[in-house]
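From first to last, the protein sequence lines are chains P and D. Just so you know, the first sequence maps onto residues 1 to 111 in this note's numbering. Just so you know, the second sequence maps onto residues 1001 to 1120 in this note's numbering.
Because the hints were derived from the structure by calculation, they are not lab data. Check the hints yourself; a few may be wrong.
Claimed, not checked - Just some of the chain D residues that point at chain P, by a computed CB distance under 10 Å:
id, residue
1, S1025
2, F1027
3, S1031
4, R1032
5, W1055
6, G1057
7, T1063
8, R1068
Said to hold, decoys possible - In the DSSO-like style, the derived pairs of lysine-lysine whose C-alpha atoms are separated by at most 27 Å in a straight line are:
id, chain 1, residue 1, chain 2, residue 2
9, P, K47, D, K1013
10, D, K1013, P, K107
11, D, K1112, D, K1066
12, D, K1077, P, K107
13, D, K1112, D, K1013
14, D, K1066, D, K1077
15, D, K1059, P, K47
16, D, K1077, D, K1112
17, D, K1066, D, K1013
18, D, K1077, D, K1059
19, P, K47, P, K107
20, D, K1112, D, K1059
As the structure is a prediction and not an experimental result, all values here were calculated from the model. The C-beta atom is built at its ideal place from N, Cα and C for all residues, glycine as well.
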Amino acid sequence: QSALTQPPSVSGSPGQSVTISCIGTSSDVGNYNGVSWYQQAPGTAPKLIIYEVTNRPSGVPDRFSGSRSGNTASLTISGLRAEDEADYYCSSFTSTSTSFVFGTGTKVTVL
Amino acid sequence: QVTLRESGPALVKPTQTLTLTCSFSGFSLSSRPMCVSWIRQSPGRALEWLALIDWDGDKYYSTSLKSRLTISKDTSKNQVVLTLTNVAPMDTATYYCARFLWYQYTIDVWGKGTTVTVSS
């Protein structure tokens, strides 16, 4: 299964908003609600921040929001904070092999 | 509280078989929709999904590694084992096990990971 496509990096100043795209196909992101986003700080395990395209687990700030348009899912971080600096990955169910696929990852830098 | 912990060798020689164990607590792997998945991350690289086993014992594998991977579970011990045969230096990575929720198709809890180096 091919990885979902994300931009290698995005950056923003504190308080700004940044959006990360996750481009898939109709076999994954476009037709299934099993789209998630994970935050990975350096040297740590990933942490779930969005599931089923738009849902936040308890404890995740509402500054993090997810959406989808066609075959592209997006993660928006509003009111960017220094602690948001991390790598972010999307994931999805894929029907091509009835399995799971991650995105290529995006490094968020807070300027 | 759900926790998962990976264990296994830190160093493996090329062509050997790597065996990793995931010990978990806080949920039952015999109850729908619980699953356990393995994911790895090579240094400086993206996450790579490897395999999944569900509450019924059904198994799913990465298409690119399917011929080399085997996942199994021991429900009574709350353990999931992953084997990777014929390892090579490109298999050097941090290996994570994680709880996977089937209906949401998401990984909600991750272990801390175990680092494996393949070198002679």
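Evaluated hints:
no.	hint	verdict
1	S1025	16 Å, violated
2	F1027	15 Å, violated
3	S1031	19 Å, violated
4	R1032	16 Å, violated
5	W1055	16 Å, violated
6	G1057	16 Å, violated
7	T1063	5 Å, holds
8	R1068	15 Å, violated
9	K47(P) / K1013(D)	31 Å, violated
10	K1013(D) / K107(P)	33 Å, violated
11	K1112(D) / K1066(D)	24 Å, holds
12	K1077(D) / K107(P)	38 Å, violated
13	K1112(D) / K1013(D)	23 Å, holds
14	K1066(D) / K1077(D)	25 Å, holds
15	K1059(D) / K47(P)	24 Å, holds
16	K1077(D) / K1112(D)	20 Å, holds
17	K1066(D) / K1013(D)	21 Å, holds
18	K1077(D) / K1059(D)	18 Å, holds
19	K47(P) / K107(P)	15 Å, holds
20	K1112(D) / K1059(D)	23 Å, holds
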